[in-house]
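Enquirer: As a plain string of letters, each chain reads:
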Amino acid sequence: MNKLFILIIIVALGSMLYPLVSSFDGNSELSSLAQFYAQPDNISKVNSPNLVTAIVVTYRGLDTMGEVTILFLTAAIIAFFLKKGGTTRTLRLNSEIFKTSAKLLVPIIVMLGVYIFINGHLSPGGGFQGGAVIASAVILMLLASPNTKLKHNFFEALESTSGLVFVGLAALGALLGLGYLDNAILPLGEFGKLFSAGAIPVIYSFVGLKVGAELSNILNKFQSVQSDK
Amino acid sequence: MEYITLITGFLIILAGLWAIMTRKNIIRIIIGFVIFDTGLHIVMVSIAYVRGGTAPILDGSVSIADAAQKIVDPVPQALVLTAIVIGLGVTALMLAYAMKLHQEKKSLNIESFKDLKW
Amino acid sequence: MSFLIITVLLGAVMLAMAFIAIYHKKLIVAVIATGALGLFASILYLLLAAPDVAMTEAAIGSGLTTIIFFYVLNRIRTDAKEEENEA
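Heads up: the sequence lines are chains A, B and C, in that order. Letter by letter, the first sequence follows residues 1 to 229 of the working numbering. Letter by letter, the second sequence follows residues 1 to 118 of the working numbering. Letter by letter, the third sequence follows residues 1 to 87 of the working numbering.
Accuracy of the hints is not assured; some may be wrong.
Capping the alpha-carbon separation at 20 Å, the derived lysine to aspartate or glutamate pairs in EDC-like fashion look like this [unchecked claim]: (1) B:Lys70 x A:Glu156; (2) C:Lys81 x B:Asp66; (3) B:Lys105 x C:Glu82; (4) B:Lys70 x B:Asp115; (5) B:Lys105 x C:Glu83; (6) B:Lys70 x A:Asp41; (7) A:Lys3 x B:Glu111; (8) B:Lys70 x B:Asp59.
Worth flagging that the hints you see were computed from the coordinates, not collected in a lab.
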């Protein structure tokens, strides 16, 4: 009976969504906002080949800032919930092969993450993806040797420093009279080179470090309450 | 192509909603939220698609001059990019709550949490 | 045309994954199905010309989310076992 009621609600919602599908006839050209971003003048003003990066860091930089703040907030609440109790942990030991190969792989994965966020303005990728890759390197390290104590202070210091540098670089644009989060505070350089697009690679690198540190912190919190039986 | 992905996205949203409303296990409700998230992202990316467009990254095949004719809409993609990362944070938060609730009541069934119900 | 067939197949597989995630008896299989749903979604994003979103979804949606789910499942299993031992 209850399920029937829910089914009716879902079907009603589906029929409310149906006009959205039937009135959607596909885009044959860009929306006017995107056309503004894709004008040759505006592209050469930002000078970043990856337009998604240009939007995430410059045009919609405030969204990114808010997003990073939300991530920080969730990490803080999770740390508050999963405070380490006085329970003793019994952890299973891993095989030697796994441990050794993890030691070999972790630096390479971290390097891949750094590569992804440094090249964020040239190729697909950027701070969020690079940060996630770094966090996956940390999780591999934690899985291989569960007794590792991550240097908590280091991650927190890295996270707060990156956040401060992000906000500072954004405010510097306003102080120089260019506008908050403008990327022209550094020289724009040649289109398509690594050192180009002004402050975008710098800001995105710090976003990547911040996201990587925050995700590592969350994963470490969840790992620190594990115990195998 | 974008019609099919749009319809798939809406169906996945409805599946997630169904899971949220009918399942009793808290972990399964959280899985429902993750499914809902994925469906929403698919809908947003399919709305951004332009027929015959390429990825919004300029290189040898797409020059600056004809960018506006060839690329797909980058704005919803940028929004989805941040939404996915927030989704992970929110999922982790919900799971931490679920762990705490299980420590309190030793149960994951949503029916056994009736303290606020009268 | 081949893109169309791939899209239809991917959509069908994703709906099947969502069904498994909702209705499979074992919670572990449900979590894996959720991760697989994210992975297929990332292929769909690639077809929709969104490589940035595809990378993020593959790394976060199907990688880290699944790991966190497993950590929580393991913790809950340990709690339940401790309960049994005490009783």
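Enquirer: When you check the alpha-carbon spacing of lysine 81 (chain C) and aspartate 66 (chain B), does it fall within 20 Å?
Expert: violated, 64 Å
Enquirer: Taking 20 Å as the top limit, are the C-alpha atoms of lysine 105 (chain B) and glutamate 82 (chain C) close enough?
Expert: Cα-Cα ~14 Å, so holds.
Enquirer: Given the hint that lysine 70 (chain B) pairs with aspartate 59 (chain B), test it: the Cα-Cα distance must not exceed 20 Å.
Expert: holds, 12 Å
Enquirer: Can the restraint linking lysine 70 (chain B) and aspartate 115 (chain B) be considered satisfied, given a maximum Cα separation of 20 Å?
Expert: violated, 57 Å
Enquirer: What's the verdict on lysine 3 (chain A) and glutamate 111 (chain B), does the C-alpha distance respect the 20 Å limit or exceed it?
Expert: holds, 15 Å
Enquirer: Are lysine 105 (chain B) and glutamate 83 (chain C) close enough, with their CA atoms no more than 20 Å apart?
Expert: holds, 11 Å
Enquirer: Decide if the proposed pair is consistent with the structure: lysine 70 (chain B) and aspartate 41 (chain A), CA atoms, cutoff 20 Å inclusive.
Expert: OK: lysine 70 (chain B) and aspartate 41 (chain A) at ~16 Å, within 20 Å.
Enquirer: CA of lysine 70 (chain B) to CA of glutamate 156 (chain A), is that 20 Å or under?
Expert: violated, 43 Å
Hint compliance for this structure: hints 1, 2 and 4 are not met, and every other hint is.
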